[in-house]
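**Q** Residue-level listing of the chains:
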Amino acid sequence: MRPLSRRGFIERGGRACAGLAAAGAGATGLTVLVKDAAAQSASPEQPDRLTQQAAKQWAMLYDSTLCVGCRACEVACNKKNELGRTTTEIFEGREAQDARALAPNVFTYITFHQWEADPSTAAFGKVQCMHCIEPACVSSCPVSALHKTPEGAVVWDGSRCLGCRYCMMACPFLVPRFEWESRNPRIRKCDMCWNLQKEGKEPACVEACPTRALRTGSREELLQEAYNRIAARPRKYVHHVYGEHEAGGTDFLHIAGRPFEELGYRRNLPLRSYREYTKPAMATIPYVLGGLGLALGAVRWVISRREEVAHAEHAGREEHAS
Amino acid sequence: MKLPALLQTRVSRGIAVLVVLAFLGVLLIAYRFAVGLGAVTNLSDGYPWGFWIGIDILVGIALAAGGFVMAGLVHIFGGHRFHPLTRPAILTAFLGYLLFVFALMVDLGRPWNIWWALISWNHYSPMFEVAWCVMFYTFVLFLEFVPAVFERLGLARVHRVWREVAPLLVVAALTLFTFAMTDSLRWTLIVCGILAGWEVLMRLGVAPRDHQMPVLLIIAGIMLSTLHQSSLGTLFLITDKLNVLWYTPILPLLFFLSAVMVGPAMVIVEALLTARVRRRPPEFDLLAPLGRAMPYLLAAYLVVRLGDMLVRGVVLETMTVSLASAWWWLELGLVLSAIALFSAPELRGRHGGLFLAALATVTAVVVQRTGVAVVGIAVPEYARYVPKWSEVMITVGIVSLGLLGFRAAIAFLPIYHEDEPHAPAEASARPASQPIPIAAAGAAR
Chain A
2 MRPLSRRGFI
12 ERGGRACAGL
22 AAAGAGATGL
32 TVLVKDAAAQ
42 SASPEQPDRL
52 TQQAAKQWAM
62 LYDSTLCVGC
72 RACEVACNKK
82 NELGRTTTEI
92 FEGREAQDAR
102 ALAPNVFTYI
112 TFHQWEADPS
122 TAAFGKVQCM
132 HCIEPACVSS
142 CPVSALHKTP
152 EGAVVWDGSR
162 CLGCRYCMMA
172 CPFLVPRFEW
182 ESRNPRIRKC
192 DMCWNLQKEG
202 KEPACVEACP
212 TRALRTGSRE
222 ELLQEAYNRI
232 AARPRKYVHH
242 VYGEHEAGGT
252 DFLHIAGRPF
262 EELGYRRNLP
272 LRSYREYTKP
282 AMATIPYVLG
292 GLGLALGAVR
302 WVISRREEVA
312 HAEHAGREEH
322 AS
Chain B
20 MKLPALLQTR
30 VSRGIAVLVV
40 LAFLGVLLIA
50 YRFAVGLGAV
60 TNLSDGYPWG
70 FWIGIDILVG
80 IALAAGGFVM
90 AGLVHIFGGH
100 RFHPLTRPAI
110 LTAFLGYLLF
120 VFALMVDLGR
130 PWNIWWALIS
140 WNHYSPMFEV
150 AWCVMFYTFV
160 LFLEFVPAVF
170 ERLGLARVHR
180 VWREVAPLLV
190 VAALTLFTFA
200 MTDSLRWTLI
210 VCGILAGWEV
220 LMRLGVAPRD
230 HQMPVLLIIA
240 GIMLSTLHQS
250 SLGTLFLITD
260 KLNVLWYTPI
270 LPLLFFLSAV
280 MVGPAMVIVE
290 ALLTARVRRR
300 PPEFDLLAPL
310 GRAMPYLLAA
320 YLVVRLGDML
330 VRGVVLETMT
340 VSLASAWWWL
350 ELGLVLSAIA
360 LFSAPELRGR
370 HGGLFLAALA
380 TVTAVVVQRT
390 GVAVVGIAVP
400 EYARYVPKWS
410 EVMITVGIVS
420 LGLLGFRAAI
430 AFLPIYHEDE
440 PHAPAEASAR
450 PASQPIPIAA
460 AGAAR
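Those protein sequences? They're chains A and B, same order as listed. Count the first sequence with the working numbering and you get residues 2 to 323, in order. Count the second sequence with the working numbering and you get residues 20 to 464, in order.
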């Protein structure tokens with residue numbers, strides 16, 4: 002069966018392929034770009050939506066200026082979560098200290114910072130899960146093993162986790178940890194002691210803090226408190242509440258007397274939630290499904306019809322010739 | 020077609036090597052499940068994804084694209100004469116997807132929970148989309164592949180039933196899929212309506228039917244493949260660890276375009292290699308015209324790839340001295356040389372030239388995918404990731420298993436044209452499958 006000339010076929014095949022690719026490219030590209038642009042232009046109001054959403058959620062406030070670096074919070078966290086022995090060292094080993102990181106058995110740690118210009122002072126930072134309002138890890142988890150409770154804590158449900166580690170790729174704060182040496186590995190991170198909070202108790206680290214550098218409350222309250230403290234002593238504080246807008250806003254807020262990047266915090270984080278980055282592409286799915294279903298069926302119909310016609314003409318011509 | 024005859028060929032030495040490699044891989048996999056991922060990989064909390072995601076998954080899925088591209092070309096775009104190339108392509112895709120699922124089980128920390136993906140839906144997660152695409156497209160590929168089994172076993176009645184039932188299964192599957200992806204009743208009804216509509220039109224005799232392959236099966240394969248290929252790019256949109264040379268909001272589109280271009284290239288590479296192994300002349304009169312379409316597909320990808328970088332203003336990044344920019348230049352060089360090789364009739368018209376051109380395309384996609392998954396990922400807080408030997412050996416073992424599976428399938432199933440029941444199986448050199456002389460190929464232009 003050769004309804005077409007070789008050349009005709011080649012040209013049409015080539016054109017069809019190029020056409021399909023170009024059409025697919027154009028359509029998907031345009032949709033993604035338009036949606037992306039739309040998402041970006043909508044971003045100024047984005048934090049407000051999330052701020053409102055999170056107003057009543059549980060939150061924590063860390064005031065670096067009140068922290069004395071005693072690390073009682075670390076000990077309390079370790080004890081409460083039964084994390085066992087860790088290999089971290091005390092502040093004297095500065096180099097070892099700098100290399101510290103979260104681990105499957107380290108859910109939080111205090112960072113220590115000193116400046117050559119003023120060796121008599123030191124400042125601290127606290128690293129732990131930021132409990133984002135719209136977390137990248139929750140957004141990325143295929144089975145919602147990581148999820149945000151209505152109260153605001155981001156918690157992990159081991160019964161459904163696949164161990165795909167996409168949460169670790171997604172988290173801008175590099176928080177989720179994986180038990181690499183385990184046969185049945187878990188994702189490990191701070192869960193804001195949500196079971197304690199459910200019983201009306203304070204999280205272990207907050208409970209242990211002797212200087213009240215850590216506080217709990219609703220996000221709305223603590224945000225107000227943070228701004229009150231900055232307003233009351235404007236020369237003592239950096240005029241920024243870390244976590245108010247970072248990554249769309251977090252339920253763990255920080256204020257400090259030094260620029261946050263000097264205290265080991267990641268800076269230049271986007272002010273919109275990480276979910277917004279995959280949203281435009283995810284939004285094209287139904288258009289791709291519907292569009293392809295329609296277009297492919299139609300293309301096939303047209304091409305088959307043309308072949309039938311060409312075939313009939315060919316047969317007719319042969320008859321005529323004979 | 021008898022097994023002993025196969026074992027006596029010179030292939031048997033190659034098969035022995037594959038068996039050893041596959042065995043080593045399986046041993047390492049057993050070790051990995053006994054002691055955890057840390058012992059066999061260099062993955063870390065900073066680099067939780069590495070070689071396996073890059074090669075087994077991103078590259079593996081891209082190289083399986085021949086299945087949907089060829090099926091679409093033959094059954095949708097009227098390229099009937101390429102039909103002899105579709106069965107091998109669909110077999111490759113099907114085996115590729117099975118291997119991919121197997122490799123994924125090795126990479127997942129808790130693979131026994133995989134079934135949760137079916138019932139615990141997270142519409143925001145690109146990984147959720149990937150998981151569903153894998154499951155549903157593997158199912159569609161199985162439906163596309165299974166006629167070869169019916170033919171071999173002479174199950175004509177089952178084959179007829181399959182022709183009637185497969186479209187209905189496809190409509191049901193795609194309806195469920197759309198609902199899971201969109202969570203919108205409206206879209207679910209639209210997609211279900213479109214597919215069911217075509218089927219009704221075909222059964223009423225209004226629209227033409229394909230007597231070999233249900234059209235809906237092909238359409239569903241293309242729909243799921245398009246989403247699957249692109250969603251692997253979407254995965255990386257949420258991470259801020261990817262170098263700007265690769266990170267772009269249109270990464271899903273680039274993944275799709277490169278899959279479409281590598282599909283035919285993979286078919287060419289495979290046809291030329293298997294022809295050698297089977298000691299048959301390759302279907303050169305089909306491969307050469309396939310090669311003619313390649314420059315367009317390559318150019319479409321290249322234009323979008325470079326245009327995107329211009330728009331984002333990151334072209335100067337390619338001038339930095341780093342592994343990432345070297346990797347980018349490697350990709351560019353391979354794409355350009357593939358375009359050049361495919362565009363020259365005197366090269367394309369020869370086995371060697373065509374093979375080289377297709378191989379350059381395949382390598383370009385390997386470089387692009389590994390760029391996204393491994394080379395382009397940087398987390399300054401952690402020591403750089405370099406794959407461990409055992410990671411590589413496990414992948415080699417899995418690929419060896421796949422090659423053995425492919426060898427067994429082409430030995431026992433009617434995959435190639437001359438294997439089909441109506442043709443005498445022992446005929447070694449039939450006129451139809453002989454390569455056309457280069458002069459004739461040139462004259463045909």
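Bear in mind the hints are in silico, worked out from the structure with no lab data behind them. It is possible that some hints are incorrect.
[What the hints assert, rightly or not] Straight-line distance between alpha carbons at most 25 Å, and here's what the computed SDA-like set of lysine to any residue pairs gives:
#1 Lys280(A) with Arg331(B)
#2 Lys280(A) with Leu292(B)
#3 Lys280(A) with His142(B)
#4 Lys407(B) with Lys280(A)
#5 Lys280(A) with Leu137(B)
#6 Lys280(A) with Ala215(B)
#7 Lys280(A) with Ala199(B)
#8 Lys280(A) with Ala363(B)
#9 Lys57(A) with Trp131(B)
#10 Lys280(A) with Leu422(B)
#11 Lys280(A) with Trp135(B)
#12 Lys280(A) with Ile138(B)
#13 Lys280(A) with Thr293(B)
#14 Lys280(A) with Leu195(B)
#15 Lys280(A) with Leu208(B)
**Q** None of the hints should be skipped; say for each whether it holds.
**A** Hints, verified against the model:
In summary, the hint linking Lys280(A) to Arg331(B) is supported, as the alpha carbons are separated by about 19 Å, within the 25 Å threshold. The straight-line distance between the Cα atoms of Lys280(A) and Leu292(B) is roughly 42 Å, outside the 25 Å bound, and the hint therefore fails. Under the criterion of a C-alpha separation no larger than 25 Å, the hint pairing Lys280(A) with His142(B) is consistent with the structure, at around 10 Å. Taking the CA atoms of Lys407(B) and Lys280(A), the gap is near 35 Å; set against the 25 Å cutoff, the hint is violated.
A hinted pair counts as satisfied when its Cα atoms are at most 25 Å apart, and Lys280(A) with Leu137(B) qualifies at roughly 21 Å. Taking the CA atoms of Lys280(A) and Ala215(B), the gap is near 29 Å; set against the 25 Å cutoff, the hint is violated. At most 25 Å may separate the alpha-carbon atoms for a hinted pair to count; Lys280(A) and Ala199(B) meet this at roughly 16 Å. As the CA atoms of Lys280(A) and Ala363(B) are separated by approximately 43 Å, the hinted pair breaks the 25 Å bound.
Annotation: proposed proximity of Lys57(A) to Trp131(B) is violated, straight-line Cα distance about 37 Å (limit 25 Å). Under the criterion of a C-alpha separation no larger than 25 Å, the hint pairing Lys280(A) with Leu422(B) is inconsistent with the structure, at around 38 Å. A C-alpha spacing of about 23 Å is found between Lys280(A) and Trp135(B), which places the hinted pair at or below 25 Å, so the restraint holds. Of the supplied pair hints, the one linking Lys280(A) and Ile138(B) holds, its CA atoms being roughly 22 Å apart against a limit of 25 Å.
Proposed proximity of Lys280(A) and Thr293(B) is contradicted: the alpha carbons are some 43 Å apart, above 25 Å. Between Lys280(A) and Leu195(B) the alpha-carbon distance is near 21 Å, which keeps this suggested pair within the 25 Å criterion. As the CA atoms of Lys280(A) and Leu208(B) are separated by approximately 22 Å, the hinted pair is consistent with the 25 Å bound.
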